[in-house]
Amino acid sequence: MIQSKICMLGGFGVGKTSLVSRFVHSIFSDKYLTTVGVKIEKKSVAVGEQQVDLIIWDIYGEDDFQKVRASYLRGSSGYLLVADGTRRETLATARALQDLAQSVIGRVPFVLVLNKTDLAHQWELPESDLVDLATGGWRIVRTSAKSGTNVEAAFDALASSMLTAR
Amino acid sequence: MSDDLKALLLAIDIAAFRREPDGAFTPVAPLPPWFGRLMRDPTFPFLGHILEDAAEFWSRREEGFREFGPCADVNEAGREFHYRVVAVTASATSYLLFRLDPDAERLRDVLQTVREKALVESTLPIADAGVLRNVVRVRGEDIHGLLRRVLGTAPTPEQRELWSAISSALDSMMARVDALASNPSRPRS
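Chains A and B, in that order, give the protein sequences.
Take the first sequence: its position 68, counting from 1, is numbered 68 in the working numbering, and each next residue is one higher.
Take the second sequence: its position 21, counting from 1, is numbered 21 in the working numbering, and each next residue is one higher.
No lab work stands behind these hints, which were simulated from the structure alone.
Owing to the predicted nature of the structure, the values given are computational and were not obtained by experimental measurement.
Heads up, a few of these hints could be off.
Claimed, not checked - Pulled from the structure, derived: some chain A residues nowhere near chain B, Cβ distances all over 12 angstroms:
(1) Ser103
(2) Leu130
(3) Gly137
What the hints assert, rightly or not - Here chain A is said to cover these stretches of chain B; the calculated rule only asks that three of the stretch's residues, wherever they fall, bring their Cβ under 8 angstroms from a Cβ of chain A:
(4) 47 to 60
(5) 110 to 116
(6) 162 to 171
To be verified - Just some of the chain A residues that point at chain B, by a computed CB distance under 10 angstroms:
(7) Thr34
(8) Asp64
(9) Thr86
The C-beta atom is built at its ideal place from N, Cα and C for all residues, glycine as well.
I would like the entire structure built from these sequences, with the hints used as guidance.
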């Protein structure tokens, strides 16, 4: 059994905690609840024939009030960068956090998660920005924590990349 | 450990463990009820680098403590609570303490209010900017009142910094809403 720490990174209100709740407990709540500090959850996933215990650090959302502490990232084997498709500025926050993560833990696998596909009619992210990121090697998964769409796929993609990188 | 001290730790909701030479943790007093869910694995692997940093602190064998957190978890009733982890060295013995952190819950209440307003601002149609202006002004005053109650008359430097950041953000939010209200046809950035 492999045990790996992963982090959830992103601006506030993008759905990090909702994604973890959906993935670990199969539940979703429409009510936004801000996170203070870090919530630590655990879930086992199968990657091929290999079992991986994911220790998921759901870190508070970054904004003007709370900047992500670099120490939270230490020891991470990978991370999910989460942006809210209906708020363009959250993509910039995700990019800044990717810079921070890379400076702290180096080039470890990560997946950019564009959450809230259930609100596709309010989508604000320019496709050209996403094409640029994909061209730069970023793996991008579109999810909805509300409906559950692609949530497991996002975590599975990260776990798979982490195993490949070992 | 004396019975008095054990009773005291339980009464103030602190879960206390002695770190054994093999790295295991032994409770030194009855564990408070809130701690139950964290005991799923008594080696606390979920603490990750916190335990690594604590081990480094203990290895120095200097009397004192080092605090980590806040961390959050959900109790059996589904209610979220916050706690801090404290590595202690005393009388050449290493301890690991877990204590509830009500300050984190008060901070969450403040941030919740501020961020809910920010989310409303980012999703409200521009035509409603005039209405939003009044909402932000009133809730801004609410937030300042809440901060005064939470931080009291002698805030720590860290709390003063947070207060200042929230005040600046409120001012900035108000300026943006003012701009929207005075020019509602301007496209949202």
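Classify the label on Leu130 (chain A) as holds or violated, using whether its beta-carbon is more than 12 angstroms from each beta-carbon of chain B.
For Leu130 (chain A), whose nearest Cβ neighbour in chain B is about 19 angstroms away, the distance exceeds 12 angstroms, so it holds.
Cβ contact check, 8 angstroms cutoff: the segment 110 to 116 of chain B against chain A, three residues minimum
holds (count 5)
State whether the coverage of the segment 47 to 60 of chain B by chain A holds or is violated, taking the criterion as 3 or more residues with Cβ-Cβ distances under 8 angstroms.
It holds, with 5 qualifying residues against the three required.
Interface-negative label, Ser103 (chain A) against chain B, beta-carbon threshold 12 angstroms:
At about 16 angstroms from chain B, Ser103 (chain A) clears the 12 angstroms cut-off, so the statement holds.
Any CB of chain B closer than 10 angstroms to the CB of Thr86 (chain A)?
Where the cut-off is 10 angstroms and the nearest Cβ of chain B is about 7 angstroms from Thr86 (chain A), the hint holds.
For Gly137 (chain A), is the shortest beta carbon distance to chain B beyond 12 angstroms?
holds, 27 angstroms
Does the interface hint hold: is Asp64 (chain A) within less than 10 angstroms of chain B, judged Cβ to Cβ?
holds, 5 angstroms
Chain B contact restraint on Thr34 (chain A) - CB to CB distance below 10 angstroms
holds, 5 angstroms
Go check the segment 162 to 171 of chain B versus chain A for me, would you? Three or more residues, Cβ under 8 angstroms, otherwise it fails.
Our answer is that it holds, as 5 residues pass the Cβ test (under 8 angstroms) against chain A, meeting three.
Consistency note: the structure conflicts with none of the earlier hints.
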